[in-house]
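Since chain F is already given, all that's left is putting chain D on it; use the hints.
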Amino acid sequence: MNEADLPQFNIQIGNELTWNVKPILHEIRHGLRKLLETGESSIIDLRSIPLAPGEEETIIDTLGCGEVHAKLNALGPSEIYETRFAGVWLITHFNEESSIISRFIEITVFPDILKSQSDDMTFALDLLENELDDGAESDKTELHAETNT
Amino acid sequence: MTKDLSRKDKTLGEALRSQGISRRSFLKFCAATASMMALPPSMIPTIAHALEKARRPSVIWLSFQECTGCTESLTRAHTATIESLIFDSISLDYHHTLQAAAGHAAEAAREAAMEENDGQYLVVVDGSIPLGNPGYSTIAGISNYDMLIDTAKGAAAIITVGTCAAFGGIPHAKPNPTGAVSVSDIIKDKPIINVPGCPPIPVVITGVLTHFLTFGTIPDLDNLGRPKTFYGQSIHDRCYRRPFYDKGLFAETFDDEGARKGWCLYKLGCKGPTTYNACATTKWNGGVSFPIEAGHPCLGCSEPDFWDGGGFYKAISMPTENITKTAIYAAAAGAAAGIAIGATGRMKKAGARKAHQKVTIDDLEK
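Residue numbers (the working numbering), protein chains in the order written: chain F, 1 to 149; chain D, 1001 to 1366.
These aren't lab readings, by the way, just hints derived from the structure by calculation.
If you're wondering where the values come from, they're calculated on a predicted model, not measured in any experiment.
Pulled a few chain F residues facing chain D out of the computed Cβ check, cut under 8 angstroms:
id	residue
1	D45
2	R47
3	P50
4	A52
Straight-line Cα separation of at most 30 angstroms, DSS-like style, residue types lysine-lysine; simulated pairs:
id	chain 1	residue 1	chain 2	residue 2
5	D	K1247	D	K1228
6	D	K1283	D	K1228
7	F	K115	D	K1053
8	F	K34	F	K115
9	D	K1190	D	K1053
10	D	K1010	F	K115
11	D	K1174	D	K1188
12	F	K22	F	K71
13	D	K1153	D	K1190
14	D	K1283	D	K1247
15	D	K1053	D	K1010
16	F	K71	D	K1053
17	F	K22	D	K1247
18	D	K1228	F	K22
19	D	K1190	D	K1174
20	F	K115	F	K71
21	F	K34	F	K22
22	D	K1247	D	K1261
23	D	K1153	D	K1010
24	F	K22	D	K1283
25	D	K1228	D	K1188
26	D	K1174	D	K1228
27	F	K22	D	K1261
28	F	K71	D	K1283
Even for Gly, the Cβ is constructed at its ideal location relative to N, Cα and C.
Same shape as in the complex, but just chain F (with noise of 0.2 angstroms):
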């Protein structure tokens, strides 16, 4: 059988869409007007909208990609990157089967999820100076040993 006699069968896919996609990119355009003037931060989280298969990807596609794009190793990866829209971003969290487990949209001049957090900072701290204070305290003996030799 010829593959143009197969039947065209494809359930997952609609030829209309169910219209959310165009409110979606407005409401990202008030939320950037918003950023620029208040200087507010908005997020949309993009699985609590019924969107139809292939809209998701018609949002991403139509804010393409920026200059910024970063990767984080939290509790799985994530990816984070500025769309071709300054002020814009697109966040997705992974999870270590690398499914997807959530994907926001944010409008912000920088995500807070890649900022340093103090409390990590702060462990950080602790572990450099426990760090440098065995070494110095390992130096501090084989010095005595040369010593002693």
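Coordinates of chain D only, in the frame set by chain F:
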């Protein structure tokens, strides 16, 4: 034991930090939690603040007349790391499918958890309770009814997981041979959160647990005791095929042009308009799809008596008693082979009964 108690005394924030989980990872967890609980992303800092200070509640999970599908749904959830974090944030003190202990040792664990956490523990129930005869379902020789009454006494709240525990489910379907009832048919003096579904969406189960952890209260419930966050809107209202319904574009069979184009499945028996659940937005298998997206009508599994609703492939506006008409419709449309075959089978049986004649030895010798 001392180690366990000290672990229980830790806040969730402390427990996560002791596992080497960074603040940034915790924020990611909170973002996924907000999304899972259908809360606005602006709530992420609130969730982070509350969860960090939350203490691990003791959870006693009772499995009665059930198929273990609800536990399977939860333990095979897609977000392994996130789910395990939520599991880590509770103290699951009794779950006879998951725990290593059995028999008297398992029951001793339940009794100890009840005594240590009197008035504060959560009871999760999956499965219905048979009232017809206590012997239909027992655990360690204790009837489901007695175990529920005993365990519920000191509970802060009860979460029923699955349609069986919430509404009686399949065991309650006609003719209900075991006299199955739901938890709320028996327990009247405790807050009950119904999380129906056959099975429920895993993140809905963990979402309810997380809500309790985050806010220390039970969520807003609808008239059937279901959290409005997840059951506040009908499948139909949140379905991506809804615009086709509004335009009057329906699939009439499972292989016609409408089906191929992804039109509304209402005429194929979709119960989306009368079913309240989060399938259309949260979806299944890590947000990959849900039954309607796969081309199958919603069965309405999160509603009471969904099994006795008159046929999964019969449009909800059609009268349920007119079997002949339904069978003709279904056969003509090629839509509900099950119904048509069932109707044909019943007709054949009736015909056979009518034509039946007793066979005698004389007949056999002819």
